[in-house]
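Here my numbering is used: the first residue of the sequence shown is 1133, the next is one more, and so on.
Don't read these hints as lab results, they were simulated from the structure. Mixed in with the good hints, there may be bad ones.
[Stated by the list, open to error] Just the calculated beta-carbon pair ranges, DEER-fashion:
| id | residue 1 | residue 2 | range |
| --- | --- | --- | --- |
| 1 | T1471 | D1376 | 31 to 41 Å |
| 2 | I1274 | I1385 | 33 to 43 Å |
| 3 | V1269 | G1189 | 48 to 58 Å |
[To be verified] Think about it this way: if two alpha-carbon atoms lie no more than 20 Å apart in a straight line, the pair counts; the simulated PhoX-like pairs of lysine-lysine are:
| id | residue 1 | residue 2 |
| --- | --- | --- |
| 4 | K1484 | K1450 |
| 5 | K1484 | K1512 |
| 6 | K1450 | K1419 |
| 7 | K1281 | K1218 |
| 8 | K1308 | K1325 |
Positions of the beta carbon are idealized from the N, C-alpha and C atoms, including for glycine.
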Amino acid sequence: MPRGRGQGLWIAGGLAAAAAGAGLFWATSARRPATATANATAAGTAATAAATATFDGSTATADLVRALRGGDARALREARVRIVGKADAPREAVADAAIDDFLELIGGIRAGFLQFPPTGRALSVGLASEMLDRFRVDTVSIRFLDALKPIHDVYSAALSDPDAEVRFVALGETAKFWTWVPGRTLSEMDEAKVSQWKEGIHPAVLRCLAAADSHTRAGAVYSLGFLPIEAAAAPAVAHVEDPDAEVRRQVLISFAARRGLLTEDMLIQRIHDEDQAIREAAFATLKLRGLNQEQISLGVMMTSPRADQRASVIALVKDRTDVDPVVWLMRLSRDRDETVRLQAVEALGARKTDDAAVKRRIVEMARSDASEQVRQAASKLMPTVEETTAALPPLPGSSLLNPKAN
1133 MPRGRGQGLW IAGGLAAAAA GAGLFWATSA RRPATATANA TAAGTAATAA
1183 ATATFDGSTA TADLVRALRG GDARALREAR VRIVGKADAP REAVADAAID
1233 DFLELIGGIR AGFLQFPPTG RALSVGLASE MLDRFRVDTV SIRFLDALKP
1283 IHDVYSAALS DPDAEVRFVA LGETAKFWTW VPGRTLSEMD EAKVSQWKEG
1333 IHPAVLRCLA AADSHTRAGA VYSLGFLPIE AAAAPAVAHV EDPDAEVRRQ
1383 VLISFAARRG LLTEDMLIQR IHDEDQAIRE AAFATLKLRG LNQEQISLGV
1433 MMTSPRADQR ASVIALVKDR TDVDPVVWLM RLSRDRDETV RLQAVEALGA
1483 RKTDDAAVKR RIVEMARSDA SEQVRQAASK LMPTVEETTA ALPPLPGSSL
1533 LNPKAN
């Protein structure tokens, strides 16, 4: 399939306005004029007819769109048939001859969105997604670009819907949205339009991360887990500390393969989680990333809520050659417990290292540690000014549990 040069990417752009509706209110006297009474009777007759109307392949597109605009959820079923096509037939590209109907249908869905019941609003998002799938097929009409704005508005309205299930469905659909590309090669200008359109949905998904209900937060994590741009997906990873276990579990599931975002250190912390499924998932992910049982055990001790267990790591790593002890000791030198920091600084001093970062850390502890005992211990190990400013090799960039490089 032809793909644009910006496949899977998006750039800065404004968030289009979400679909909005306004109610019309009026007051009349109990005794209405004859013309008003006649109009009301006619309206009632029309409403009764609409209530009994059916929609099928013989329904004119204009009539179907009129029903959609009026919030008739029954019309969505026929709209789906026309958007998806025959279930047992291969999907065909939407050509110029058919695009007008597609544009009218998505326009009607957008206009009637707020009037649909929750199930209808959820189905509307699914139809917007189905339409995008049709636009993936090779040789789609370039006029698919005209559908992007109403599709965007349906997504945006659903992502801010008062009903949590509608939001959850919309978040599930946006998971497929991030890597969507049309079935044709685009000009640079049209690529930019698609990129800006995608970027415009991102803030609405991020807002769902802050939702009061955990179901919506978990859905937002799920969606962002499919977003290939790390900086854009990263806000979801902070919810590995979410108060709700459902959300924490989703972070582990969605980001297990993304080592640059969900780090080994974060996973080690989850082995202390109160939720058993999370503990098991964290352990399994660490094993899949190549950590052995001993490394994981050391990490668990390092992050233990008990100070004596954290301090016990010092004796276990200070003379190791298969891992970098400095990485561990430097971290423990910032422990919240002063006894752990004291043992860590003593172990760092005993290494007699020329590492400038270690020397600077000892100076920092001697000058500003909250514990007087730690400051005194560090002061005895204080290097000279020349030692702390010498052009020595920087601290190795090995991460917390990785073997020391040869």
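Give me the numbers of the hints this structure contradicts, sorted from smallest to largest.
3, 6, 7
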